[in-house]
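Going by this note's numbering, 1115 is the number at position 674 of the sequence shown; the sequence numbering is gapless.
Simulated from the structure, these hints should not be mistaken for lab results. Beta carbons are placed, not taken as given, at the ideal position from N, Cα and C, and that holds for glycine. Hints may contain errors.
List of simulated lysine-lysine pairs, DSS-like, C-alpha gap at most 27 Å [said to hold, decoys possible]:
| # | residue 1 | residue 2 |
| --- | --- | --- |
| 1 | 924 | 1093 |
| 2 | 574 | 650 |
| 3 | 534 | 522 |
| 4 | 622 | 650 |
| 5 | 1036 | 954 |
| 6 | 1002 | 1047 |
| 7 | 1103 | 954 |
| 8 | 1181 | 1167 |
| 9 | 522 | 574 |
Computed Cβ-Cβ distance ranges for the label pairs, DEER-style [stated by the list, open to error]:
| # | residue 1 | residue 2 | range |
| --- | --- | --- | --- |
| 10 | 625 | 788 | 48 to 54 Å |
| 11 | 704 | 625 | 33 to 39 Å |
| 12 | 701 | 805 | 35 to 41 Å |
| 13 | 1506 | 1101 | 15 to 21 Å |
| 14 | 1516 | 1553 | 49 to 55 Å |
| 15 | 701 | 864 | 53 to 59 Å |
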Amino acid sequence: MLVVAEGNGSYGSSSRMSNNINLNKNPDSSISISKMDLIIPFSPDVPCDNNGQRMWWAFLASSMVTFFGGLFIILLWRTLKYLWTVCCHCNIKHKEAQKVNNPMNSQADGPPKNPNDKDDAPASEVGWMTSVKDWAGVMISAQTLTGRVLVVLVFALSIGALGIYFIDSSDPIESCQNFYKDFTLQIDMAFNVFFLLYFGLRFIAANDKLWFWLEVNSVVDFFTVPPVFVSVYLNRSWLGLRFLRALRLIQFSEILQFLNILKTSNSIKLVNLCSIFISTWLTAAGFIHLVENSGDPWENFQNSQPLSYWECVYLLMVTMSTVGYGDVYARTTLGRLFMVFFILGGLAMFASYVPEIIELIGNRKKYGGSYSAVNGRKHIVVCGHITLESVSNFLKDFLHKDRDDVNVEIVFLHNISPNLELEALFKRHFTQVEFYQGSVLNPHDLARVKIESADACLILANKYCADPDAEDASNIMRVISIKNYHPKIRIITQMLQYHNKAHLLNIPSWNWKEGDDAICLAELKAGFIAQSCLAQGLSTMLANLFSMRSYIKIEEDTWQKYYLEGVANEMYTEYLSSAFVGLSFPTVCELCYVKLKLLLIAVEYKSEQRESRSRKRILINPGNHVKMQEGTLGFFIASDAKEVKRAFFYCKACHDDITDPKRIKKCGCKRMTYFEDEHPSTLSPKKKQRNGGMRNSPNCSPKMMRHDPLLIPGNEQIENMDANVKRYDSTGMFHWCPSKDIEKVILTRSEASMTVLSGHVVVCIFGDVTSALVGLRNLVMPLRASNFHYHELKPIVFVGSLDYLRREWETLHNFPKVSILPGTPLSRADLRAVNINLCDMCVILSANQNNIDDASLQDKECILATLNIKSMQFDDSIGVLQANSQGFTPPGMDRSSPDNSPVHGLVRQASITTGSNIPIITELAKPGKLLPLVSFSQEKNSGTNIQMITELVNDSNVQFLDQDDDDDPDTELYLTQPFACGTAFAISVLDSLMSATYFNDNILTLIRTLVTGGATPELEGLLAEENALRGGYSTPQTLANRDRCRVAQLALYDGPFADLGDGGCYGDLFCKALKTYNMLCFGIYRLRDAHLSSSSQCTKRYVITNPPYEFELVPTDLIFCLMQFDHNAGQSRASLSHSSHSSHSSSKKSSSVHSIPATNRQNRSSKAREARDKQNATRMNRMGPEKRWFTDEAENAYPRNIQIKPMSTHMANQVNQYKSTSSLIPPIREVEDEC
């Protein structure tokens, strides 16, 4: 009896096949069919077995014969080869034994064979085999293009074959098929022919044929390729073991690596795990599908059940997960036996692979995408030290509303994913900020952020790191990586140490002329502090100028109201209108301030070769000799970028009669020079000199020629042009002296007490042998700028650890008037020894700040030193410094009288009178006029009156500096009283320079010019080569570099501006100072309680930046101004220009004369020298040898001897407490027009 297998017709077979099956049931047939022979669906059109018997064994036998037959042949070949090798080895040994026993016979046989000589035939055969093997290895290797294409093609065809299996799995397990009519069978045949050829290549290239035969890919080929040829021969198909093609998925990760898609270890591991899991899952599902739809052979295939392939996939998943719903299960014995073993491995794989896959997906970089550039919108890349503080400070300034519409997208790149707070910050600025996780040291990550199309790359530094050199090295490596990837990219990087800037010059593609900038925080920090030594409060004003601050309106009449009005000002650049062409700088400056309500402080001077960027110079308040050119770039102080546009839109024809500056808009006039008729010649003096028309021009003012040292050096310059004396460095920007040994500048406490210091700068430094270097050279250089005359230089005394100062001394030994007192700033005895109560400024620094983990304790040394000084009390019994100075004595005072000798800074000026112990400008003493005497009494001089500036690392620690202020601990630094008064400086204020430099690279140049005393890229290159300033001979070119502006403070209590000090307008003062002295005023340093009517005013002052024209002045105000270099100030000191004693006097305590005849100066000089010699001889006889203050003077210079004479308070009141400003203001000259 014929038995039809259950379910054979349940797979979508046609009714025709079912009928054929029924027709084959012939009960009268004499043919006996065994139970193992089952009928299958067949058609008369297909030449298949008429009985419809299944022949699955034929398909399986083809695979088994191929596998075991090949395995037998390989083993047989290896056995024969082994036996042949053993026999040959035994034969060789036998022959060698015969040669030893019968040496005569071996000689008779012929000469001995060289063991290196081999038979030609085997050699040629081995060579042929090797070449074929190498060729096959190249063909299947992924190292070549052909190999990669072949490997990828094999994998793709394997997946295609697996897809055909999925399609055929819906048909019966075995059925009759016509090869010429079945399209899927034809495609599968083509695929397997290709697999067979590839198998041959792999077999040839395999070194070990046995292991190759047992590989997974080989086993897959054995059980999938031969059955296809059998199906063509028998005209029937058997689904069989074609599911093994799913094992090819294991190679998916390799294929993706060949295509350079997978590059990271995590991605490779993830794909490996997924491919192994899926391939095992699909393969096991294929086996269950086969046995369940076929049944057990020993059960005559009666226990089969119809299951689709995807139901088997579902069954395997619930089995691996140990869920086992029971809706689908295995009925056959083979299926259940397989499930027993599979659940052991499947469960282990599921429990280990799935959690790891989930972990890898969960740990996948959230910010691992690529940046998509937006057309018409620039983007910048910010990297380096990316933290919540650094990013928030950067975004606050970069995206400030006072800037023009910032159409720039900011892309942050960092190798650490942001924390929740930083992520929230990015989300708040999601329209303009994107974050990607990666490193700039990886070229792949640079490509992700499109660094080649970025407008600039900004590198932030960790200002609070314990090792600044290591942090700088990291940033330099970032620069190298970025420049190596794209040399043309503009880079702005922060550097912590000044000496590390030299390493940037070693990068070939680093070019500061093309916009690359390095913002050295140590250099700028020291420069800001140094400028505060010359004009206290300047550090606060400059820090507020390049920081974007919003205007905070306060109705109450408090000091915060005026301070915040100035804080709202920033520094901008804009090209000047053609209406200004031909006008001198003071004229344009006055017009901008009065009419446009803009403060112009500098211009960019262009040379003839405009294409040469290096020939552009930034001139700060250059004076009358500089004429505005077409397209001149101006530097303005204003509260908004829109206001600065007035300088570009200004038109004399349209806007001359407009009084409201807001109405100055762009007009329709053609841009032209309106002053051609009035000023026919607009050539700069340098250009005229080259053309030969300057000196002989009758229309040119000789006084204007004198202003330009390049044309005619002044008398003092000519005197300094000594071929044998080096007084300035090779660039002429700084005072210089031969290097000094540190032992010669060290003062003991007793020696310092005997040497009465006055008008000096005390630098209290905390540090030891292990501390990072602060870079004291950057602090000293601005105080030794060559635009000061030698007698105006303030002596500098360092108080700190000698071990630390020895490490810094290599960079300081070429500066004059520098001394060291070994000790500690916390010792009051050391502070009294250096007369800290008579100093012009006390600077408190620390090199140990970043070595402490607790941020609140980083500034503990500086805070303790500040409070220690403020709590000191000084007796009012002082000494009179008998200085045999050549300074100017006002008429009416006899220099021969000891009581009338010039007093240089012995008694501190009362704050209520002068307001500050800093350079003060008052009126020149005129013949017949005595300077007023100011009397005051002060029983005790407290340390709170000492001018000081303290460096802080943590902004919140500013609350501890002033115990009497009411600042909230959460108040921003710029709103605190110590910062507003200029007594505290934090390095965090320099963060704003990054965005300011990006929008305008000239801003950084201007700031560095103002605060560093004249540092240039050429000087940086020189310091990189020698790490020290090089002395240079005085030439007209180097002396010309002295002619540059410097910052000073103008007093209104007395002098030429006294009439404006009491209720006058700031604008009138601005115009008068600019017209009369070419002084450019830009701010006020006012007493904190000046607006109160109370007589007991606080001595603290605060900064007001760029007050409006109608701002009312008070007599105690000090005015920040940019004053011209005075060539004649040194003439009265010709014989004193390098006098050691005069170096003790500050600018406010030094007097200068500008119009005294040379004969009078020589007479006074000779008389003073005779008086000094007599006094020195008398003192030496009375007191014996005395320690001399070490200076850089020549040996024949006059020694500085100091005599102390006690003086009571009553006598002190008779001393002129308010010094003349003759040291700063040149004589009033008539301003003449240039040609």
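Here is how each hint holds up against the structure:
no.: 1; hint: 924 / 1093; in the structure: violated (47 Å)
no.: 2; hint: 574 / 650; in the structure: holds (12 Å)
no.: 3; hint: 534 / 522; in the structure: holds (18 Å)
no.: 4; hint: 622 / 650; in the structure: violated (39 Å)
no.: 5; hint: 1036 / 954; in the structure: violated (35 Å)
no.: 6; hint: 1002 / 1047; in the structure: violated (40 Å)
no.: 7; hint: 1103 / 954; in the structure: violated (36 Å)
no.: 8; hint: 1181 / 1167; in the structure: holds (14 Å)
no.: 9; hint: 522 / 574; in the structure: holds (19 Å)
no.: 10; hint: 625 / 788: 48 to 54 Å; in the structure: violated (36 Å)
no.: 11; hint: 704 / 625: 33 to 39 Å; in the structure: holds (38 Å)
no.: 12; hint: 701 / 805: 35 to 41 Å; in the structure: violated (19 Å)
no.: 13; hint: 1506 / 1101: 15 to 21 Å; in the structure: holds (19 Å)
no.: 14; hint: 1516 / 1553: 49 to 55 Å; in the structure: violated (21 Å)
no.: 15; hint: 701 / 864: 53 to 59 Å; in the structure: violated (31 Å)
The structure shown violates the earlier hints numbered 1, 4, 5, 6, 7, 10, 12, 14 and 15.
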